[in-house]
Amino acid sequence: MVAITPDSPIGAVFGNHHKKRKLAEDGLGLATVGDLLRHFPRRYVAATELSEVATPTVGEQLTIVGEVRSCESASFFSGNRRQFRTTVRLRTDGPDFSVTLFSPYQSLADKHEAEFRPGCRAIFTGKAKQFRGSWQLEQPHGFALDGPEAATLSKLMPVYPLTAKLYTWDIQKVVTAALELVTGVPDVLTPELRERFEVLDVMQALRWIHAPDEWSQLGAAQKRFRFEEALVLQLVLARRRAAHRAQGARARVRRDDGLLAAFDARLPFELTRGQREIGDLVADELGRDHPMNRLLQGEVGSGKTLVALRAMLQVVDAGGQAALLAPTEVLAQQHHRSISAMLGDLAQGGMLGGDAHATQVVLLTGSMGKAARQEAMLRLVTGEAGIVVGTHALLEDRVELADLGLVVVDEQHRFGVEQRAALTDKAGSPPHVLVMTATPIPRTVAMTVFGDLETSVLAELPAGRAPIQTNVVPLADQPTWIDRVWQRVREEVAKGHQVYVVCPRISGDAQEEGESDQLDLDDEGREIAPRRSLAAVEEVHAELSSGPLAGLRTAVLHGRMPPDDKDRTMRAFAGGDIDVLVATTVIEVGVDVHNATTMVLLDADRFGVSQLHQLRGRVGRGGLPGLCLLVSHAELGSPARDRLDAVAATTDGFELSRVDLEQRREGDVLGASQSGFRSGLVTLRVLRDEKTIVRAREAAEALLSEDPALAQAPDLAAAVAEVERSAASAYLDKG
Numbered sequence: 001m002v003a004i005t006p007d008s009p010i011g012a013v014f015g016n017h018h019k020k021r022k023l024a025e026d027g028l029g030l031a032t033v034g035d036l037l038r039h040f041p042r043r044y045v046a047a048t049e050l051s052e053v054a055t056p057t058v059g060e061q062l063t064i065v066g067e068v069r070s071c072e073s074a075s076f077f078s079g080n081r082r083q084f085r086t087t088v089r090l091r092t093d094g095p096d097f098s099v100t101l102f103s104p105y106q107s108l109a110d111k112h113e114a115e116f117r118p119g120c121r122a123i124f125t126g127k128a129k130q131f132r133g134s135w136q137l138e139q140p141h142g143f144a145l146d147g148p149e150a151a152t153l154s155k156l157m158p159v160y161p162l163t164a165k166l167y168t169w170d171i172q173k174v175v176t177a178a179l180e181l182v183t184g185v186p187d188v189l190t191p192e193l194r195e196r197f198e199v200l201d202v203m204q205a206l207r208w209i210h211a212p213d214e215w216s217q218l219g220a221a222q223k224r225f226r227f228e229e230a231l232v233l234q235l236v237l238a239r240r241r242a243a244h245r246a247q248g249a250r251a252r253v254r255r256d257d258g259l260l261a262a263f264d265a266r267l268p269f270e271l272t273r274g275q276r277e278i279g280d281l282v283a284d285e286l287g288r289d290h291p292m293n294r295l296l297q298g299e300v301g302s303g304k305t306l307v308a309l310r311a312m313l314q315v316v317d318a319g320g321q322a323a324l325l326a327p328t329e330v331l332a333q334q335h336h337r338s339i340s341a342m343l344g345d346l347a348q349g350g351m352l353g354g355d356a357h358a359t360q361v362v363l364l365t366g367s368m369g370k371a372a373r374q375e376a377m378l379r380l381v382t383g384e385a386g387i388v389v390g391t392h393a394l395l396e397d398r399v400e401l402a403d404l405g406l407v408v409v410d411e412q413h414r415f416g417v418e419q420r421a422a423l424t425d426k427a428g429s430p431p432h433v434l435v436m437t438a439t440p441i442p443r444t445v446a447m448t449v450f451g452d453l454e455t456s457v458l459a460e461l462p463a464g465r466a467p468i469q470t471n472v473v474p475l476a477d478q479p480t481w482i483d484r485v486w487q488r489v490r491e492e493v494a495k496g497h498q499v500y501v502v503c504p505r506i507s508g509d510a511q512e513e514g515e516s517d518q519l520d521l522d523d524e525g526r527e528i529a530p531r532r533s534l535a536a537v538e539e540v541h542a543e544l545s546s547g548p549l550a551g552l553r554t555a556v557l558h559g560r561m562p563p564d565d566k567d568r569t570m571r572a573f574a575g576g577d578i579d580v581l582v583a584t585t586v587i588e589v590g591v592d593v594h595n596a597t598t599m600v601l602l603d604a605d606r607f608g609v610s611q612l613h614q615l616r617g618r619v620g621r622g623g624l625p626g627l628c629l630l631v632s633h634a635e636l637g638s639p640a641r642d643r644l645d646a647v648a649a650t651t652d653g654f655e656l657s658r659v660d661l662e663q664r665r666e667g668d669v670l671g672a673s674q675s676g677f678r679s680g681l682v683t684l685r686v687l688r689d690e691k692t693i694v695r696a697r698e699a700a701e702a703l704l705s706e707d708p709a710l711a712q713a714p715d716l717a718a719a720v721a722e723v724e725r726s727a728a729s730a731y732l733d734k735g
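The sequence shown begins at 1 in full-length UniProt numbering and counts up by one.
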């Protein structure tokens, strides 16, 4: 008999089942026996107990164990052919289900009746649906648990990720065969490491994760594979940190008599304790001869930009240049204005009236005219401009800097790996890197996603930040409350304050946003109701300015406007010349208008938790209490309404980021461009497995300090090398 190893093709265990083998290969990407063994169940059904099905969801794929209440067959005609229908009614530890099996022959219907006898237990899989108030399983497949098909089942029935026409027991049968035949499965954890970290060997863990007889076996197997995955990832990240530290960089030591000192002397307020502590840490890292690589996260309004500016001034003092990369033109222009305003004559280097220590701050965006762009680029290449603020335009090949010493990336999750790498490549030697985000990131996400960055958190808010009251306006229950929303807006304007109204769309053109005006239909093809159009900036502005907000100074702002118009509108709003700004999420980050006290978010359920929190942070910035109204048609008890209630219940961004992760899973939390390892997590979940990840990070540091090449654990070294070679490592190499 030919030996079967993890590298053997998957056909070695599928035997003559060629169709099912092809489904596994094409639908699930399982090419080898090793792939099959690492195709872990997503959950388990206790074959000895009736399934708990608390609240089924229509369309949900279910695998249930039930007791057969009745099994009856009847014949019917389809065209001219006689067919047979067998209806099996199941009792679960929840609602009853009925399952309908169709047969072309009387003998097959008789076989079904013999197999599914009243009182026996059976297992079925299928899609949940409701018909006349009772639950059914569509396209069911199953068998009795006292029959021959159940002989190979473990007491905890694994339920695998599947593809069409492939059933969970199909996978279980070939996995069972593979576990009996396969040899040479490498264990990335040596016996010493297994003893040290108290985990199973790989073969025992594979047997128990695919065929556990009790929950304790399953728990031990999951502990092993979660720790293995976390350890490999943390070893990759620890090696990247070590390699980064080993790179040479120009030290940018802080001076006591330069631009930074002059700036600090003019600050009209005290730095917060967090700003001082993180500022000192960044200053120390900038003064070293290997590149800083730090993630700075903090709530909206926590003062991250000031920390970044002080770091940029230190680099300019040391003869270098600093670049701030912003995701949108609105934010880049805002940063340029606010930095220039904070510096005053310290930003007028070489100009009449400029301070002796002054530098120049230039803006570079894609919409600038040719002459303005060339002038900005000339100041960069000659070194006249110590600070440049820009969008993706900074990444173009023709943009050159005299001596790039620091790259500051604002709103990290908006930029892909290649974009950040393009900017750092413009430096002669590796520049120092400071990454900023106002999207709160739970500790273990930072460890797993940004594990090659050192992390700092600005937890406290500067003086003058007022509390923000957030209320849900549930139009599904209280449609007339929208009138009170606009009354409230008028009241704020009457007090001399300003208001944002945020919409999810720019215009009512349904096709433009991928929306459709078609009718929603039920399963029988009957009309339910036309889909409701989402609020759009242009229509909402027209309705408000001629209706409930008539007489107020209103304006629109969205991403399709010409850059000059956007800038002019934003300046007018900041200057108090506009009462109500109807906008898209273009105002989500960086927009800072202290007199804006109220935000109305229309169709708020269309935004994510973190985005709602970011948007809300635009108000209450000037010491005046803020109000955020989340207007929604989402019904009570729906996931969308739960999301809004969570945002209304707390202003703690880190708590909300956990809610966001629990609802959306890790794969989306910072956007596809940052996927790195997250989309590849198999057994690991960054919230659930926090202790495992922390333990793995400590273990990785200890292992590398003892054995940097992992020579004592060659299979572990091979697993780390494979991840480093994978597509995921592109994130790490360029991050």
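Worth double-checking, as some hints may not be accurate.
[Claimed, not checked] Using 27 Å as the maximum straight-line C-alpha spacing, the simulated DSS-like pairs for lysine-lysine come out as follows:
| # | residue 1 | residue 2 |
| --- | --- | --- |
| 1 | 426 | 19 |
| 2 | 127 | 155 |
| 3 | 155 | 173 |
| 4 | 19 | 223 |
| 5 | 223 | 129 |
| 6 | 165 | 20 |
| 7 | 22 | 127 |
| 8 | 223 | 155 |
| 9 | 111 | 165 |
| 10 | 173 | 223 |
| 11 | 129 | 111 |
| 12 | 19 | 127 |
| 13 | 19 | 111 |
| 14 | 223 | 127 |
| 15 | 223 | 22 |
| 16 | 155 | 111 |
| 17 | 370 | 426 |
| 18 | 20 | 173 |
| 19 | 127 | 165 |
| 20 | 165 | 22 |
Hints listed in this document are in silico derivations from the structure and should not be mistaken for laboratory results.
Verification of the supplied hints:
1. 426 to 19: Not OK: residue 426 and residue 19 at ~53 Å, beyond 27 Å, violated.
2. 127 to 155: 23 Å, holds
3. 155 to 173: 14 Å, holds
4. 19 to 223: 34 Å, violated
5. 223 to 129: 36 Å, violated
6. 165 to 20: 8 Å, holds
7. 22 to 127: 23 Å, holds
8. 223 to 155: 20 Å, holds
9. 111 to 165: With Cα atoms ~22 Å apart, residue 111 and residue 165 stay inside 27 Å; holds.
10. 173 to 223: The given pair, whose Cα atoms are some 24 Å apart, holds under the 27 Å limit.
11. 129 to 111: 26 Å, holds
12. 19 to 127: 22 Å, holds
13. 19 to 111: With Cα atoms ~25 Å apart, residue 19 and residue 111 stay inside 27 Å; holds.
14. 223 to 127: Violated, at about 31 Å.
15. 223 to 22: Status violated; Cα separation ~32 Å.
16. 155 to 111: 25 Å, holds
17. 370 to 426: Given pair residue 370, residue 426 holds - Cα atoms ~22 Å apart, limit 27 Å.
18. 20 to 173: Holds, at roughly 12 Å.
19. 127 to 165: Satisfied, since the Cα-Cα distance of roughly 13 Å is no more than 27 Å.
20. 165 to 22: 11 Å, holds
In this structure, the hints that do not hold are numbers 1, 4, 5, 14 and 15, in rising order.
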